[in-house]
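Chain order of the listed sequences is Z and U. Heads up: the first sequence is residues 688 to 804, going by our numbering. Heads up: the second sequence is residues 11 to 124, going by our numbering.
Because the hints were derived from the structure by calculation, they are not lab data. Take every hint as true, because none was put in to throw you off.
Residues on chain Z that point at chain U, a partial pick, calculated with CB under 7 Å:
#1 Thr736
#2 Gly792
#3 Tyr793
Each residue gets a CB set at the ideal place from its N, CA and C atoms; glycine is no exception.
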Amino acid sequence: GAVVSQHPSWVICKSGTSVKIECRSLDFQATTMFWYRQFPKQSLMLMATSNEGSKATYEQGVEKDKFLINHASLTLSTLTVTSAHPEDSSFYICSARDQGAWGHGYTFGSGTRLTVV
Amino acid sequence: DAKTTQPTSMDCAEGRAANLPCNHSTISGNEYVYWYRQIHSQGPQYIIHGLKNNETNEMASLIITEDRKSSTLILPHATLRDTAVYYCIVRVASGTGTASKLTFGTGTRLQVTL
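All chains should be modelled from the sequences, with the hints used to inform the complete structure.
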C-alpha cells in the first residue's frame, strides 16, 4: 500500500530558530500534499496544500511567511517553521494521495511533534 | 463538503462490536462517506468509504441509511488497539491526477476497555 514517510518524528528547538519537516511519498507520486497541525485534544487543522512545482495554497489565518512550504518533486514536500516560538509547539502531519490511482484513501505520515523551548 | 456530526466519545468492551454513528443530513448525491481513525500520537489511518451501498473490508463495515443522511461504522470485534479517535468525513471523490483537501471534524473518541 501507499506509504508516506515523515521526518523527524519529534524535534525540540530553541525559540527563534527554524525547523524543517520532510514528507515523502515512498512508493507513489503525489502532485499534491497536505500539511496539518494538531494541538492537544483537538482535531487536525489543515494549514496548507502543497503543490509540486508551484506555490502552496494556505488556509485562512496561516502565515505563509512563517510556515514555508516547498514541493520540489513529486515525492517530497517540506514544511519549514521559521522563527519558531513556543506557541508553534504542536503535532504536524502531512498527507498525500496516489495521483495515478482512482482511489479514495489519503495516506498520512506518522506526524512530527515539535516542541519549542 | 457536507458537515458531519458525531458523538464526542464512546466506550466499548473488548470483543464486542463498536458501532460509531455519524449524521450527515446535508450530504449531496456525489459525496462519499469516509472514515478515518487516529491512534494517539500517530497520523490518521484510512478505514473505509462508501457512497450508498453498505461496505465491508478487513477492518470494518460501513452501513449507510437509504436516505444517506447518516451512517454507522462497525468494528465487529473491538480490541484494545482500536482505541482511537474516529473521524467521519463527507466529500466528493478525487479523480486521477487530482487531490482535493480533506477536512476533519471533531470525531468520536472510542475507548475500548477490558
